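Undergrad: Residue-level listing of the chains:
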Amino acid sequence: MFSLKPPRPTFRSYLLPPPQTDDNINSEPKIKKLEPVLLPGEIVVNEVNFVRKCIASDTSQYDLWGKLICSNFKISFITDNPMPLQKFHYRNLLLGEHDVPLTCIEQIVTVNDHKRKQKVLGPNQKLKFNPTELIIYCKDFRIVRFRFDESGPESAKKVCLAIAHYSQPTDLQLLFAFEYVGKKYHNSASKANGIPSGGGGGGGIGVGGGSSQKTPLFETYSDWDREVKRTGASGWRVCSINEGYMISTCLPEYFVVPSSLADQDLKIFSHSFVGRRMPFWCWSHSNGSALVRTALIKDMLQQRKIDQRICNAITKSHPQRSDVYKSDLDKTLPNIQEIQAAFVKLKQLCVNEPFEETEEKWLSSLENTRWLEYVRAFLKHSAELVYMLESKRLSVVLQEEEGRDLSCIVASLVQVMLDPYFRTITGFQSLIQKEWVMAGYPFLDRCNHLKRSEKEAPVFLLFLDATWQLQEQCPAAFEFSETYLAVLHDSTRVALFGTFLFNSPHQRVQQSSEFAISKNIQLGDEKGLKFPSVWDWSLQFTAKDRTLFHNPFYIGKSMPCVQNGSVKSFKRTKKSYSSTLRGMPSSLKNGIISDQELLPRRNSLILKVKPDPPEQSDSQDRGAEQYFREWFSKPADLHGVILPLLSGMHIKLWKLCYFRWVPEAQIQRGGFITAFHKVSLLADEVDVLSRALRQPQGSPPEAPCPELVQSRVYFHAGGPHDAPGTPDFLSSSFPFSPVGNLCRRSISGTPLGKFLSGAKIWLSTETLANED
Amino acid sequence: MSLLRGLLGMELIGISVRLFLDFQEKPASLDSALILDVPLGVISRIEKMGGATSRGENSYGLDITCKDMRNLRFALKQEGHSRRDMFEILTRYAFPLAHSLPIFAFLNEEKFDVDGWMVYNPVEEYRRQGLPNHHWRITFINKCYELCDTYPALLVVPYRASDDDLRRVAAFRSRNRIPVLSWIHPENKTVIMRCSQPLVGMSGKRNKDDEKYLDVIRETNRQINKLTIYDARPNVNAVANKATGGGYESDDAYHNAELFFLDIHNIHVMRESLKKVKDIVYPNVEESHWLSSLESTHWLEHIKLVLTGAIQVADRVSSGKSSVVVHCSDGWDRTAQLTSLAMLMLDSYYRSIEGFEILVQKEWISFGHKFASRIGHGDKNHADADRSPIFLQFVDCVWQMSKQFPTAFEFNERFLIIILDHLYSCRFGTFLYNCESAREKQKVTERTVSLWSLINSNKDKFKNPFYTKEINRVLYPVASMRHLELWVNYYIRWNPRIKQQQPNPVEQRYMELLALRDEYIKRLEELQLANSPKLSDPSTSPSSPSQMMPHVQTHF
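Order-wise, the sequence lines are chains A and B.
Going by our numbering, the first residue of the first sequence is number 1, and it counts up by one from there.
Going by our numbering, the first residue of the second sequence is number 1, and it counts up by one from there.
Since the hints were made in silico from the structure, they are not lab data.
Any given hint might turn out to be false.
Restricting the straight-line Cα-Cα distance to at most 25 Å, the calculated cross-link-like pairs of lysine-lysine (PhoX-like) are [stated by the list, open to error]: (1) A:K67 - A:K126; (2) B:K522 - A:K678; (3) B:K275 - A:K678; (4) A:K361 - B:K461; (5) B:K278 - A:K678; (6) A:K655 - B:K403; (7) B:K276 - B:K143; (8) B:K463 - A:K678; (9) A:K678 - B:K370; (10) B:K276 - A:K678; (11) A:K158 - A:K451; (12) B:K276 - A:K361; (13) A:K361 - B:K522; (14) B:K276 - A:K652; (15) B:K275 - A:K361; (16) B:K189 - B:K205; (17) A:K305 - A:K326; (18) A:K455 - A:K347; (19) B:K403 - A:K652; (20) B:K278 - A:K652; (21) B:K469 - A:K634.
Nothing here was measured: the structure is a model prediction, and the numbers come from that model.
I would like the entire structure built from these sequences, with the hints used as guidance.
TA: Here it is, written out as structure tokens:
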């Protein structure tokens, strides 16, 4: 599956300084015991000393020496050596910089280059040779490599086997989160009162003093009720028939249904639906149209009758009694196998294949993965449903066999496009709770935490990618940054957060109750163990690092903007558009319409005219096309609907996510982040000024309060290092660093000449025989 | 493509043909007639479509092909002879050279506040580089363009090479384009030299003077005992050139030099590649297989090779500490691309608006990139094999760099686009003629206006708000297909179906924040003045934003 071809030297210099002859190392031979940092409940299962972590593929001069350990949570490489060539690290509080969570491991390859053998290690397998080398392929696109030349052959082998064993658990309860939470419960029980920290909803990102809103988890009646009220949905009610998961094990305990359907009817209908997943409400437009998702009716005899009843009920819940538009997702969108196949190809192309060899056919290879095509298909379909809801004022029902995969993406994208709330951080998190976690998206199977690969599919990543496309096109409309999206994706690979661990909320309750009993944990009134929530970002990142989640381009509702030279506050009215997407006259005047802009609007172009007069034919396509064209001809209301541009050239590869570990693709001190940095400085300056303005006049300056003064942005104006210019550590991979990730060529900063003459090329595993 | 119905009117105003369309059915989004200004210089080809007997809608009319990727097609009514008149007038003024008419730039009487012809002064530019110095001298040997008629009057050559040496070297270089200095590294003093191919020929001729001359160049740099020669061509092309008397520097003859081929293809390949780009974006943008269609044009691959070549030149000079000589066949196409891009990477001065103007003026205009032949100003022979989008390709490379380094350039995309627009428009004298001697003869600087006059009197329009000035920073773009993109805002800007983000939302947001900051500063100043008259003495009252910040921060 993975190509292990050796590198072919190619022209490219990496502009990093040559390795330093480190004085501190020579100054004092300090012998320190290398100890792993362990979380509660984490235990070391095996370890080996004198391991070399490879940093570059064609030279060993940057390699690090240390100890490799395997715990029940992660593999960890502990070293005293500082990371070479690295100017910056975005630290995850749960993981060291050389650590890989076991659930992030995709494949384990052991090599013995003396015997010319290699083997992909599965669980409970034997290894007939002592490995000289271990290569870990990670699910987040990293590849890490260790060499055991100087370590004890037997202990090296044991560690490899331990990693293989612990990264491929046979049972859900063997995932580390259970051990961790169990420990937390025991610890807190031995203290005073029983609620462990880190449970519950978790805050928002919680920076800037007091802005940490709680993310609604939709575990309770009241969260749903609040959402119904927030959207102004009339004709819909929260129903409790699934309390204790009495009706369906893959629906939430509470969900929203048409008011006209009685609990008794719902109970009867539920039997006819796949997984007993009857239609449930997602969201309502202010015009009354509702977005509903449902599984298919399996009971053919009852099909028409039930369908009719449900549709009537949805119509009745619409203030205008509008019709229902049904969208059969299985027929219109790629299925999960196709999505998985596209992803495997994309990954193969981005990180596994030699960089230079894929250059020539890069564009067509990228097209052949079909990943971008699928991203586009989901965006397109969602945009069409936006048209149905917003313009045609129809309620939309998403139909899918089980309604647990494609429906999650489409329901979420439609809401991101229609409702600005879901473009804030708290809103986006609540959306993921509502349409993914609670709606029974099978995270366990799709993330493949238990390595039963047949159900694996990156459906959630596809959604994040599509969100990124929207963000790329409409940067001022999103409160969060692309770093946030990438980190969110990474968090699905850390088996600690209850958020991404289960196939359904019921599974969490059931599994954790079982576990609690077996471990003698008193749950009290709680339904299952409280796992840490991913939304409690303070578990993973410091307050400062979390500021990188904020998009400095975002224009929040309460944020002032400038119009016609005067500062105004944003209000969500149709007329107060942000001037963000227009205003500046197009400078491309030469040859365009005329000097006085005929269309002082967005994307003014020549012949900006409806090509054909609208005809009577009410074909859906035409109407939708018309709607899109009109939307794009008007200035976008950042606090209203946003729609994506969908032509082939507008759907792009999410480079930060897919290239961040590829050293060759890194633009040193370049990339979009450098503009981001510049805007952050300015946004920070504006913040400081506005605080100064708000300060009561005449009062003495307040004592500095770090909490209050804490900036919303990562980069500060007026810091001690604010030499003008782009900081050294910025790159197109920021805040991630590809240093230490296995690549096919040197990442050293040697001039081309030296490079061509070739340093030591690492032993090729290409010609090695596979053991079995 | 969009179909518009209406009355077509035409008026020649100055440089442009102005086309009026008065609509029968007025589109809702337009409140007046559509006026289309097409500079006559942009027209590459005018054709009549259909004849008197043509049937069917839109089969009779005029088809105008433009040099900037546009195609305009006007369907006309067959009655009357309006088409013939229109065709004749258009042809006459679009191709003035064929009708013994002057190019419009000579008739243009526009006045600007600044004189763009003053932007480039070679002596000043060399002085900025620290030249002359004890290794390099400025020579006036080409004052009357006698040594080389396609070179500028002023050249920088090794101090140790006499004028006689230069003449003897000229005899061995194609079109007498001898190696001369383009740029010198401010610290390590290595240089970028440019020239044409040596006249080696089939028999493998050698020339002691040329060999000695390159050795003199090598000796000006004490750090590395080799001189690096970059031949921009693919190896096979260089070999093939021997048949026509050209060739490359062999190892035997030039012991102290290392030669590398950069595999950049010739003007014909580039022209065909761009044609393919047009095919995939016009009349309809290829949708279903956009990426593979784009790949099949090879346009980005060529961009990649040019950038890769320039990176190697820059890297060799900067990190390799070796002087380099760059040539192709004649040294006015690929060579200009490589030297100017390498200089842009190495020298942050060229990344400012004026610096870039000087770079274009120096490496392209003064060193004889054949703009007249490559663009075909005022010439009706649209199929001329000499035409090629070499300069466009260079500007595309610059755009690619500006995408990768959004804060490194003082200018924005509009700046690059306006340069390209006036590359064709013939409104300015800047890009007219093939070389300096011809321009001198035609008194271009006296009789025409410079494009830089227009740009420099509206500089704000062309400024990149993210620009952060950084001296001595070498920019190395990543010349990988993973980062190179088609320049949609240039190549597909005429397609009404392709929605563009104009203006760039990110840029726009930044401008808003700037305005907000200024507003706050103003308010704060007012407040402070109002509240504490004591503070109003000039030492504490901030007068500019930059002084303001530290003051504001003292509150915390």
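Undergrad: For the pair supplied as a hint, K276 (chain B) and K652 (chain A), confirm whether the alpha-carbon distance does not exceed 25 Å.
TA: 22 Å, holds
Undergrad: Taken at face value, is the distance from the CA of K347 (chain A) to the CA of K455 (chain A) at most 25 Å?
TA: 18 Å, holds
Undergrad: Within 25 Å, alpha carbon to alpha carbon, are K655 (chain A) and K403 (chain B)?
TA: Roughly 14 Å between the alpha carbons, so the hint for K655 (chain A) and K403 (chain B) holds.
Undergrad: Is K276 (chain B) within 25 Å of K143 (chain B), Cα to Cα?
TA: With Cα atoms ~43 Å apart, K276 (chain B) and K143 (chain B) exceed 25 Å; violated.
Undergrad: Is the Cα-Cα distance between K158 (chain A) and K451 (chain A) 25 Å or less?
TA: 21 Å, holds
Undergrad: Hey, K305 (chain A) versus K326 (chain A), does the alpha-carbon distance stay inside 25 Å?
TA: Holds - the C-alpha atoms of K326 (chain A) and K305 (chain A) are around 16 Å apart, at most 25 Å.
Undergrad: Measure nothing beyond the straight line between the CA atoms of K469 (chain B) and K634 (chain A); if it is 25 Å or shorter, mark the hint as holding.
TA: Violated, because 36 Å separates the two Cα atoms, which is more than 25 Å.
Undergrad: Between the alpha carbons of K522 (chain B) and K678 (chain A), is the straight-line distance 25 Å or under?
TA: Holds, at roughly 22 Å.
Undergrad: Quickly compare the C-alpha distance for K276 (chain B) and K678 (chain A) to 25 Å and report which way the hint goes.
TA: Roughly 38 Å between the alpha carbons, so the hint for K276 (chain B) and K678 (chain A) is violated.
Undergrad: For a C-alpha distance cap of 25 Å, please report whether K463 (chain B) and K678 (chain A) respect it.
TA: Within the cut-off at roughly 15 Å; holds.
Undergrad: Between K361 (chain A) and K461 (chain B), is the straight-line Cα distance small enough, at 25 Å or below?
TA: Given pair K361 (chain A), K461 (chain B) is violated - Cα atoms ~38 Å apart, limit 25 Å.
Undergrad: Given the hinted pair K278 (chain B) and K678 (chain A), is their alpha-carbon gap at most 25 Å?
TA: 36 Å, violated
In terms of the numbered hints stated before, the structure departs from hints 3, 4, 5, 7, 9, 10, 13, 16, 21, listed from lowest to highest.
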